[in-house]
Amino acid sequence: MKTVKGPLKVDCIYRRIDDNFMDPKVFFKGSLLGVPGVFKCWRKGNVGIINALGTGVADDKAVYSYVNKMIIYYLG
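Using this note's numbering, you'd call the opening residue of the sequence shown number 2 and step up by one each time.
Keep in mind that a hint or two might mislead.
[Said to hold, decoys possible] 20 Å max Cα-Cα, derived DMTMM-like pairs, lysine to aspartate or glutamate:
1. K70 to D60
2. K45 to D12
3. K62 to D19
4. K6 to D19
5. K41 to D19
6. K41 to D12
7. K30 to D19
8. K45 to D20
9. K41 to D20
10. K62 to D20
Since the hints were derived computationally from the structure, they do not count as laboratory data.
Let the sequences and hints guide you as you build the complete structure.
See below:
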């Protein structure tokens, strides 16, 4: 990451914005939100993302009816 004092290595990012705004190079071109190039770094495994892309699907109310089945499937 570029800082005023020079480059700084980032190992992990805590994402708090919608998936579509994560990286303006990949999703909404020209957006002022997100970090250009972060998606490429994440896919290469160079950075970890807490609350990674796609995890919001579990928060969708349409999924609620499947929660019990998912718990049984993954936890037995």
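Item to check | Unmet hints by their number, sorted upward, for this structure | outcome: Going through the list in order, the structure violates hint 4 alone and respects the others.
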